[in-house]
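Could you use the hints to bring the two separately framed chains together as a complex?
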Amino acid sequence: MTSRRDFLKTASAAALAAGAAHPLLSWASGNSSAADAAYEHAAIAIPGKDRMIVRSARFLDLETPVEFMTDWITPVNHFFVRNHMFEPARVEAKTWQLSIAGEVEKALTFTLADLEKLPLHSVVNTMECAGNGRSLQNPKVPGIQWGKGAVGNARFSGPSLKTLLEKAGVKDTAKHVQFRGLDLVPGKVPPFIRSIPIDKAMDADTLVATQMNGAPLTAHHGFPARTITPGWAGAASCKWLTEITVLDKPAEGNFMNPGYRLPNTPVKPGDAVKPEDTHSLTALSVKSLITSPSDGGKLKPGAHAIQGVAWAGEADITKVEISTDAGATWTEAQLGKDQAKYAWRLWSYNWKPAKSGDYTILSRATDSQGRVQPEAPVWNPSGYLYNAYDQVKVNLNV
Amino acid sequence: MSRPSERKLSELSAIVLALAFFSAAVGFAGESSSDSSGQLPAGAMQEKAAEACSTCHEARIIVQQRLSKAAWTKEVDKMMKWGAEVDPKDRDALIDYFSANFGPEQPAYVAPRSASESTSQSKTKK
Chain C
1 MTSRRDFLKT
11 ASAAALAAGA
21 AHPLLSWASG
31 NSSAADAAYE
41 HAAIAIPGKD
51 RMIVRSARFL
61 DLETPVEFMT
71 DWITPVNHFF
81 VRNHMFEPAR
91 VEAKTWQLSI
101 AGEVEKALTF
111 TLADLEKLPL
121 HSVVNTMECA
131 GNGRSLQNPK
141 VPGIQWGKGA
151 VGNARFSGPS
161 LKTLLEKAGV
171 KDTAKHVQFR
181 GLDLVPGKVP
191 PFIRSIPIDK
201 AMDADTLVAT
211 QMNGAPLTAH
221 HGFPARTITP
231 GWAGAASCKW
241 LTEITVLDKP
251 AEGNFMNPGY
261 RLPNTPVKPG
271 DAVKPEDTHS
281 LTALSVKSLI
291 TSPSDGGKLK
301 PGAHAIQGVA
311 WAGEADITKV
321 EISTDAGATW
331 TEAQLGKDQA
341 KYAWRLWSYN
351 WKPAKSGDYT
361 ILSRATDSQG
371 RVQPEAPVWN
381 PSGYLYNAYD
391 QVKVNLNV
Chain U
1 MSRPSERKLS
11 ELSAIVLALA
21 FFSAAVGFAG
31 ESSSDSSGQL
41 PAGAMQEKAA
51 EACSTCHEAR
61 IIVQQRLSKA
71 AWTKEVDKMM
81 KWGAEVDPKD
91 RDALIDYFSA
101 NFGPEQPAYV
111 APRSASESTS
121 QSKTKK
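Protein chains in written order, with the working numbering: chain C, 1 to 398; chain U, 1 to 126.
For reference, chain U alone in the conformation it holds in the complex (with noise of 0.2 Å):
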């Protein structure tokens, strides 16, 4: 029995293509007002989030966070141990960016509600 690690790259296809699909059923928004957009918003390391983050997850898992600065720092260098790839000169400017739009302070995320489940298997279908 191969072990996780290996096995990554042998089906590194059938999660892109997984990828692929579900991005095709899911599209990207579904949201009408910008506080359940799940977007990240406009800063200096908007970009380099999306791309170091993305990857893995959608950017809805960070929005929805509301952090003091020690923890969006853990949360940053346990990602960056994880496999995101963050320029160390970009690590104080990306836990900053995080830090002041999904502080405790901030008002609550509003979650979206998926379709109801008529609409999804007719979206879906081929």
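Next up, chain C with everything else stripped away, as it sits in the complex (with noise of 0.2 Å):
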């Protein structure tokens, strides 16, 4: 085990030799100020990312801001990141191999041209951090401080799970498919593994991607291949995917206990909850997003349309209402014409207020669940899968 000094001097002897000396030097004695005030108007520069929200840039976490939400699909340099740790450094596609072992017949090991030459499959997804809509929790809750836009909708092409899985010829004792990337574990953190259910993996739009909205998958992304899991929080889909494993129950580890899981019972806001009264969280809630206008905005006199997104995870939108009058009544807007059976709904409504003055929009969407967004968050402590009402203000100038 190296220790975190030894760490640290590796860590800016590397820098020196890259030439990044001074900044990591500065991070590495944690006295920084004098670092800042030379980089004071930088922008943070993230290869292959445009105008994100910064969360948090080592590790990198970045948030879509939400008016860049005006497309069914969301392009790759606007699409949120979520890392729990590092990314690696670099994947070599030639040397590249994803190994699946456990309760199956015969342990396998493809390579990326192996997958290649598998039917490929496409799914339109949208998917989203299990804690997005965190920071809008009350009491706050530890995590990325998510604002509304840990989300996204894209297309992604790879060969089902279930293509992989039965050629290693899945065991009757299958239960759970776990998955392992390549990112890298700093210090003693435990390692992002999950599972999901074996229905779930067998289910056919269950991929291993190699591609998103029709190329290659990015590094950010998961290069070369990535589990997608559609209509489950984010977490449910490993990148950088290089181990499957099936078991004979759910994995275990952090990030399925205590991690990644709701209560059974809704719970008062700060309240404790005991991990037996818990459960695993899978498919997404319905939610809608206001994309526009902006909230704190001023309009001009005149028709406006309000805009947005709506999804249900593995259900189906099947209306998005508006109110602009803080919810006294509410009105059904247009669902856009683009939909797949996992991703989300543009909508619009056009809004032609009478009289000028402050304005609250709110935004509601109901699925074919019979689901309805609710007014107030449902509270739990770790922040997951927040989806009250969503809210703009606006003023609306003579």
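The set of hints was computed from the structure by calculation and includes no laboratory data.
Given the structure is predicted, the values throughout are model-derived calculations rather than measurements.
Hints are not guaranteed to be accurate.
[Unchecked claim] Which bits of chain U does chain C cover? Going by a derived footprint, with three or more residues having C-beta under 8 Å, they are: (1) 66-74; (2) 82-94; (3) 101-112.
[As the list claims (entries may be wrong)] Ranges between beta-carbon positions, derived for each pair: (4) U:Asp-96 x C:Ala-272: 18 to 24 Å; (5) U:Ala-42 x C:Thr-265: 55 to 61 Å; (6) U:Lys-89 x C:Asn-264: 39 to 45 Å.
Cβ atoms here follow ideal geometry from the backbone N, Cα and C, with glycine treated the same way.
Dropping the structure here:
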């Protein structure tokens, strides 16, 4: 085990070698005010990403500003990034391998070339981080303080996970399928290892994706291959995939328990919840966001399009309603024509305000399972699946 | 297939290089106001907090939290279990430092934006 001090020493040496001594040494010494002054007006540059909200640069957590959510398919440079650990420095397509072992007849190893020979299946999936909206919870809970934009909609393509599992031959004892990625785990931090139930793993729409929006996955999104568990919280989809293990029970470890669990029954905000009174978080909730106008915006008189997105995990959005009088009355918005099983819907409402003043605009979605976005957030100790009505306040000038 | 814990040593150099390149690309500011500086504020524990935490993550992850002392206590204990090197004598002072600076009553942290993509590319080209 390398000690932290050795790690810093080595890191500093590498930084000197890389010609990046100043920022890294300042970080290592813990006194970075001089470095700050020098970099005062430099923007944080993230290759392949464009004007994202930086929740964390190391490790990387980037949020999409809601005003970028104008298209049904989110471009990769505007797609959110949630990393628990450090991205692998470089994964070589030629040497990368994916193993399948555990409760299978025959353990197998696939190369990227092997995957490319299998039938390609595409799924347009709205992926949302379980913690999206955490900063809106009250009382506050620890974790990345996401605003509204840890969500995006992309077309993922690759072989069905089922195809790979069937080649290995799943035994009757199989209950869960565990994924491990190549992300680098620092210190004594538990590795990011999770599993999904065998039924979801054998669904043809659950993928070992090698492409996002028609291009090879980028490093931030899991090159060369990642799982896509559609309709479920992002944590069910493993980036930089390298190891699949079929298990006779759910995976164990921090990111299965206590991580990514919800109380079995509603709890009062701030209450502690016993581990035995929780269950694993799986599919996403019903939710809508208002992407235009912007919160705090000043609008000119006349008609305005109120626009947004709405999704419901494994269910379908059936309607989105808008209120421009803080919830007294509601009117249905028009849903966009683009749709797919696990994908969000764009929506729009043509608002013709009669008089000037301050307005609170609300949106609420309903889905095919009869779920409705709640007025108040459903609080839980980790701040997962925030889905209260979305709200923006605007001022309409005379 | 090797276990994650065994992989750590063999891939440490890769981590270090990744960090070095990433730090070079990212720089350590990009914020124009102190609200979004992402740095730990002055205080008796500033340096020790930076040392203990920054092996695994930047200070921005700390400064965006707004937690009660009870919640900070759980976080500090969890991170010590996960490898943050904190002298047991400093634990309580560290919890006090975080609670005083990043409690529920503090105004919300304002996160910075990353550069526009064209800027990012020109900055990272070799």
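Here is what the structure says about each hint:
With a cut-off of 8 Å between beta carbons, the stretch 66-74 of chain U has 5 residues touching chain C; three or more are needed, and the interface restraint holds. With 4 residues carrying a beta carbon less than 8 Å from a beta carbon of chain C, the stretch 82-94 of chain U meets the three-residue requirement, and the given coverage holds. A count of 5 residues in the stretch 101-112 of chain U with a Cβ less than 8 Å from any Cβ of chain C is obtained; the coverage claim is therefore met, three being the minimum. At about 22 Å, the beta-carbon gap between Asp-96 of chain U and Ala-272 of chain C stays in the expected band of 18 to 24 Å.
Distance hint check: the CB atoms of Ala-42 of chain U and Thr-265 of chain C are about 45 Å apart, inconsistent with the given range 55 to 61 Å. The hint said 39 to 45 Å for the Cβ distance between Lys-89 of chain U and Asn-264 of chain C, and at roughly 41 Å that hint holds.
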